[in-house]
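The residues making up each chain are set out below.
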Amino acid sequence: AQSVTQLDSQVPVFEEAPVELRCNYSSSVSVYLFWYVQYPNQGLQLLLKYLSGSTLVKGINGFEAEFNKSQTSFHLRKPSVHISDTAEYFCAVSYNNNDMRFGAGTRLTVKP
Amino acid sequence: DAGVTQSPTHLIKTRGQHVTLRCSPISGHKSVSWYQQVLGQGPQFIFQYYEKEERGRGNFPDRFSARQFPNYSSELNVNALLLGDSALYLCASSFGTGTTNEKLFFGSGTQLSVL
Numbered sequence: 010a011q012s013v014t015q016l017d018s019q020v021p022v023f024e025e026a027p028v029e030l031r032c033n034y035s036s037s038v039s040v041y042l043f044w045y046v047q048y049p050n051q052g053l054q055l056l057l058k059y060l061s062g063s064t065l066v067k068g069i070n071g072f073e074a075e076f077n078k079s080q081t082s083f084h085l086r087k088p089s090v091h092i093s094d095t096a097e098y099f100c101a102v103s104y105n106n107n108d109m110r111f112g113a114g115t116r117l118t119v120k121p
Numbered sequence: 112d113a114g115v116t117q118s119p120t121h122l123i124k125t126r127g128q129h130v131t132l133r134c135s136p137i138s139g140h141k142s143v144s145w146y147q148q149v150l151g152q153g154p155q156f157i158f159q160y161y162e163k164e165e166r167g168r169g170n171f172p173d174r175f176s177a178r179q180f181p182n183y184s185s186e187l188n189v190n191a192l193l194l195g196d197s198a199l200y201l202c203a204s205s206f207g208t209g210t211t212n213e214k215l216f217f218g219s220g221t222q223l224s225v226l
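Chains as they are written, first to last, in our numbering: chain A, 10 to 121; chain B, 112 to 226.
These are calculated hints, taken from the structure and not from any lab test.
These figures come from a predicted structure and were not determined experimentally.
Be aware that a few hints might be false.
As the list claims (entries may be wrong) - Here are the in silico distance ranges between beta carbons for each label pair: (1) A:F23 / B:S176: 46 to 56 angstroms; (2) A:P88 / B:S176: 39 to 49 angstroms; (3) A:T118 / B:T116: 39 to 49 angstroms; (4) B:L193 / A:F23: 40 to 50 angstroms; (5) B:E164 / A:P121: 45 to 55 angstroms; (6) A:F23 / B:N182: 43 to 53 angstroms; (7) B:G207 / A:Q51: 39 to 49 angstroms; (8) B:R178 / A:T118: 39 to 49 angstroms; (9) B:G127 / A:E29: 43 to 53 angstroms; (10) B:E186 / A:S18: 43 to 53 angstroms; (11) A:Q54 / B:G207: 17 to 27 angstroms; (12) A:R116 / B:T120: 17 to 27 angstroms; (13) B:D173 / A:E29: 39 to 49 angstroms.
Glycine included, each C-beta is placed from N, C-alpha and C at the ideal position.
Turn these sequences into a full structure, and let the hints guide you.
Written out as structure tokens, the structure is:
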């Protein structure tokens, strides 16, 4: 079965520290990969996406992610987080149809 | 330009009732998708419409239905509400056919509570 797993439900970090949010997927076919962020009481906003080409993808707000086909992973990273990065982060996968599968989310809490 | 707008923002219903949720896409966007987000989980795909035709359907019962109008706005209907239907319902629009390599623009959602 095709699925998305976000390995950490909550990630607390201090301001200016680096962070990595982990995402693994299962698929036997080519996929498109996405990271979305959801701030409180708001809809989801696209951070970045991988369709093809370079495996290192840069997104908005200083985030980047690396596609690793052999490990079926698409981990999200930021070298230095800010208080304003506190939000829920969702990894998503699509399988070239009209069905996008989201992970359960990772709550990133940045502490001063 | 306005983003994706959804109405109402909050709704309280009782079991067995019917509900209609509405979504207006970004101007120029022709594709609308609906997602259900239960508290503590990621969004689950319900439907996708493009040019008034259903292009995709998730694993939801027939109590869930939707349609898209000529102005590309959309309605999601849920009949015979169950307690488990309580969730945030998100609408997303995109410009093209809504194929899954496109960027989705999400509304802020309708919070449905079924009592």
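Results of checking the hints against the structure:
At roughly 48 angstroms, the beta carbons of F23 of chain A and S176 of chain B sit within the given window of 46 to 56 angstroms. At about 46 angstroms, the beta-carbon gap between P88 of chain A and S176 of chain B stays in the expected band of 39 to 49 angstroms. Between T118 of chain A and T116 of chain B the C-beta distance comes to about 30 angstroms, which lies outside the given range of 39 to 49 angstroms. The hinted range of 40 to 50 angstroms is satisfied by L193 of chain B and F23 of chain A, whose Cβ atoms lie roughly 43 angstroms apart.
In this structure, E164 of chain B and P121 of chain A meet the distance hint of 45 to 55 angstroms, their C-beta atoms being roughly 50 angstroms apart. Look at F23 of chain A against N182 of chain B: about 48 angstroms separates their beta carbons, and that is inside 43 to 53 angstroms. Look at G207 of chain B against Q51 of chain A: about 24 angstroms separates their beta carbons, and that is not inside 39 to 49 angstroms. Checked against the hint of 39 to 49 angstroms, the pair R178 of chain B and T118 of chain A passes, with Cβ atoms roughly 40 angstroms apart.
Evaluation of the 43 to 53 angstroms hint for G127 of chain B and E29 of chain A yields a pass: the beta carbon distance comes to about 46 angstroms. Between E186 of chain B and S18 of chain A the Cβ separation comes to about 34 angstroms, which falls outside the hinted range of 43 to 53 angstroms. For Q54 of chain A and G207 of chain B, the Cβ-Cβ distance of about 19 angstroms falls inside the hinted range of 17 to 27 angstroms, so the restraint holds. Range check, R116 of chain A to T120 of chain B: about 23 angstroms between beta-carbon atoms, so the 17 to 27 angstroms window is met.
For the pair D173 of chain B and E29 of chain A, the beta carbons lie near 42 angstroms from each other, so the given range of 39 to 49 angstroms is met.
Violated hints, listed in ascending order, are 3, 7 and 10; each of the other numbered hints is respected by the structure.
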